[in-house]
Amino acid sequence: MSDKPAVYAEGITRIFGDVKALDGMDLVVQRGQVVGLLGPNGAGKTTMVRILSTLLKPTGGHAEVAGFDVVKQANQVRRMIGLTGQYAAVDEYLTGRENLRMFGDLFHLTPKYVKARSEELLTSFDLDDAADRSVRTYSGGMRRRLDLAASLIARPEILFLDEPTTGLDPRSRLGMWQVINDLVADGTTVLLTTQYLEEADQLAQDIVVIDHGHVIAHGTAEQLKDQIGGDRIEVTVHDAATAERAARAMESVISGHPLIEGNKISAPVSGGSMVLVGAIRALDLEQIEITDIMLRRPTLDDVFMSLTGHLAEDETQRPEPTRRRGVRRR
Amino acid sequence: MSAITVGRPVALRRPIYGWALHDGFVVARRNLIQTLRVPELLFFSLVQPVIFVLLFAYVFGGAIPIPGDGASSADAANAYRQYLMPGIFGQTVAFAAAASTVGLAEDMSRGIIDRFRALPMSPSAVLLGRTFADAVRQILVLAVLSITGLLVGWRINNGLFSALLAYALLLFFAYTVAWVGAWIGLSVPNPETANTAGLAWLFPLTFLSNAFVPISSMPDWLQPIAAYNPISTLVLSTRELFGNPTGIQPHYWSLDHAALYTLISCAVLIGIFAPLAVRKYRNATSR
Ligand SMILES: Nc1ncnc2c1ncn2[C@@H]1O[C@H](COP(=O)(O)OP(=O)(O)O)[C@@H](O)[C@H]1O
Ligand SMILES: [Mg+2]
Numbered sequence: 001m002s003d004k005p006a007v008y009a010e011g012i013t014r015i016f017g018d019v020k021a022l023d024g025m026d027l028v029v030q031r032g033q034v035v036g037l038l039g040p041n042g043a044g045k046t047t048m049v050r051i052l053s054t055l056l057k058p059t060g061g062h063a064e065v066a067g068f069d070v071v072k073q074a075n076q077v078r079r080m081i082g083l084t085g086q087y088a089a090v091d092e093y094l095t096g097r098e099n100l101r102m103f104g105d106l107f108h109l110t111p112k113y114v115k116a117r118s119e120e121l122l123t124s125f126d127l128d129d130a131a132d133r134s135v136r137t138y139s140g141g142m143r144r145r146l147d148l149a150a151s152l153i154a155r156p157e158i159l160f161l162d163e164p165t166t167g168l169d170p171r172s173r174l175g176m177w178q179v180i181n182d183l184v185a186d187g188t189t190v191l192l193t194t195q196y197l198e199e200a201d202q203l204a205q206d207i208v209v210i211d212h213g214h215v216i217a218h219g220t221a222e223q224l225k226d227q228i229g230g231d232r233i234e235v236t237v238h239d240a241a242t243a244e245r246a247a248r249a250m251e252s253v254i255s256g257h258p259l260i261e262g263n264k265i266s267a268p269v270s271g272g273s274m275v276l277v278g279a280i281r282a283l284d285l286e287q288i289e290i291t292d293i294m295l296r297r298p299t300l301d302d303v304f305m306s307l308t309g310h311l312a313e314d315e316t317q318r319p320e321p322t323r324r325r326g327v328r329r330r
Numbered sequence: 001m002s003a004i005t006v007g008r009p010v011a012l013r014r015p016i017y018g019w020a021l022h023d024g025f026v027v028a029r030r031n032l033i034q035t036l037r038v039p040e041l042l043f044f045s046l047v048q049p050v051i052f053v054l055l056f057a058y059v060f061g062g063a064i065p066i067p068g069d070g071a072s073s074a075d076a077a078n079a080y081r082q083y084l085m086p087g088i089f090g091q092t093v094a095f096a097a098a099a100s101t102v103g104l105a106e107d108m109s110r111g112i113i114d115r116f117r118a119l120p121m122s123p124s125a126v127l128l129g130r131t132f133a134d135a136v137r138q139i140l141v142l143a144v145l146s147i148t149g150l151l152v153g154w155r156i157n158n159g160l161f162s163a164l165l166a167y168a169l170l171l172f173f174a175y176t177v178a179w180v181g182a183w184i185g186l187s188v189p190n191p192e193t194a195n196t197a198g199l200a201w202l203f204p205l206t207f208l209s210n211a212f213v214p215i216s217s218m219p220d221w222l223q224p225i226a227a228y229n230p231i232s233t234l235v236l237s238t239r240e241l242f243g244n245p246t247g248i249q250p251h252y253w254s255l256d257h258a259a260l261y262t263l264i265s266c267a268v269l270i271g272i273f274a275p276l277a278v279r280k281y282r283n284a285t286s287r
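These protein sequence lines are chains X and V, in that order.
Going by the UniProt record's numbering, the first residue of the first sequence is number 1, and it counts up by one from there.
Going by the UniProt record's numbering, the first residue of the second sequence is number 1, and it counts up by one from there.
Please note: incorrect hints may appear among the correct ones.
[Stated by the list, open to error] A short, non-exhaustive set of chain V residues, derived as facing chain X with CB atoms under 8 Å:
id, residue
1, Val26
2, Ala28
3, Ile33
4, Ser109
5, Gly111
6, Asp114
7, Met121
8, Arg137
9, Ala168
[As the list claims (entries may be wrong)] Listed next, the in silico PhoX-like pairs over lysine-lysine satisfying Cα-Cα at most 25 Å (straight line):
id, chain 1, residue 1, chain 2, residue 2
10, V, Lys280, X, Lys57
11, X, Lys72, X, Lys57
12, X, Lys20, X, Lys57
13, X, Lys112, X, Lys72
14, X, Lys4, X, Lys115
15, X, Lys72, V, Lys280
No lab work stands behind these hints: they were computed from the structure.
For each residue, glycine too, the CB sits at the ideal point set by N, CA and C.
Chain X on its own, in the form it takes in the complex (with noise of 0.2 Å):
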């Protein structure tokens, strides 16, 4: 079992009445990867996530996790698997401790174990003064992390985490992002799912991003910022023709196709800020008068608008792709 990937999935398709959330979906996760799948609002990565957690089945294609059908052996991928949703799934009621309790006895766990278990990791995830009051008096992040720490107790070999961070305030973030790296630090194999690129070039070593259903990019954080072409340099003028001139001025310095909208040009470049320094001296050579200039990290809009190719067929309708998605921004 050991030598089959942790996840492995090919494929895949699910279909909710007449729409498409999953449409010939592949995926492989080595053991001990961490692997970020990026997408908009809708892109299927719950739908995904679902699937391979047993929760749903696909309609068509084939998935295994550590070895394992995941419609025919359903109960060894529950063995293998710890899964934090999208919404936190802890009883209100209980207290954090109870819920720890419920959760390892229904893993079948000894009573002994569950225990010291319980205790360590209310420890670690900060909730050793909270582990006896009831999950309704607890903030977000709170929840968040109980949440985690129950599908930890049972030490899964592989983690699924639905859009971990969502809802959360900065520091709960920040401390969400810890604890993940924790773990990956010790060896779990975790499937992540976000809608941030930030996020998935913190907490992934390896991401695939998804659009409707199916896979349209992957790579590490570094080779789908190349593919984007990284940072965007965006640089107005005083009028259309001026911006005209201002793109073949540069040529030298970015390193993509210029998008000119109006009196602005937006461009991709490598090369961090000292672009900047050669955008300006090159401009200043043709003697075009800036009237603003900037650096701009690449940001998920820009990921899909150059991996979709919106772009390149209306550049005029260049915000539209994305607020169409939907695509919450921070």
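Chain X is fixed; fit chain V with the ligands onto it per the hints.
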């Protein structure tokens, strides 16, 4: 040592009496803790049947004659109280099904059901736990009802052993209808609907029985329906076991073998609704 280290758990239990029962008890424990954490809910579930006893004992008491019993009107009122209490017992345990409906519909609407379903636990545990906890809660309800009954003049006339049999039968019936309630709870689209759907079938069922009025006083066409209603036979057996007046019974097989018919009905109902509910639970995605 990092607390969040991974690897296989060191200690797995061995099944003692089957995982379904073990897991069912774990879930039942959770449901009973929930009951204790919301005392208001428990309080009101007790108040309702108590009000029923007082209402029937003092407001309607004596207005409904029991054929064959009581000569004077004071006797009639007392006889009706004796007659009434088992009826309220039966009605109360039947209405417990609504709690199963609402409780399960609420569980299904919450994220926790996803965790249950992603655990290697028995798929029937959530339902076993729910029905078991709901029946256990009825022990407390029956105790409070009995004390209220004793205070308004109801008496156990047939000895302790028969009385215990009566309570056992009532609890078995509570457990049975909990399965029906659970199945309805899994069939409704949301917890709001559960409240209505959970009660809708119980009103006609309890009022088409001998809980409050003798079957012999019903129109002829209604009598067989009431006679074969398991609530009637439950209430009749309870009356017999407590040594309370039963009134004159029309002759139907179910009424002549009330306890047996009740047990058979319970077994058949569980045999139908438990597999239906388990199948529904397995197929349900959390809503
Ligand atoms: N139970 C369901 N019934 C109907 N449609 C669903 C259901 N679950 C998901 N969908 C649809 O499937 C698509 C993918 O959803 P989801 O996997 O939740 O996306 P994500 O988690 O990436 O935001 C969406 O269009 C969503 O509306
Ligand atoms: Mg989602």
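Worksheet entry | Unsatisfied constraints (hint numbers, rising) | 2, 4, 8, 9, 13 and 14
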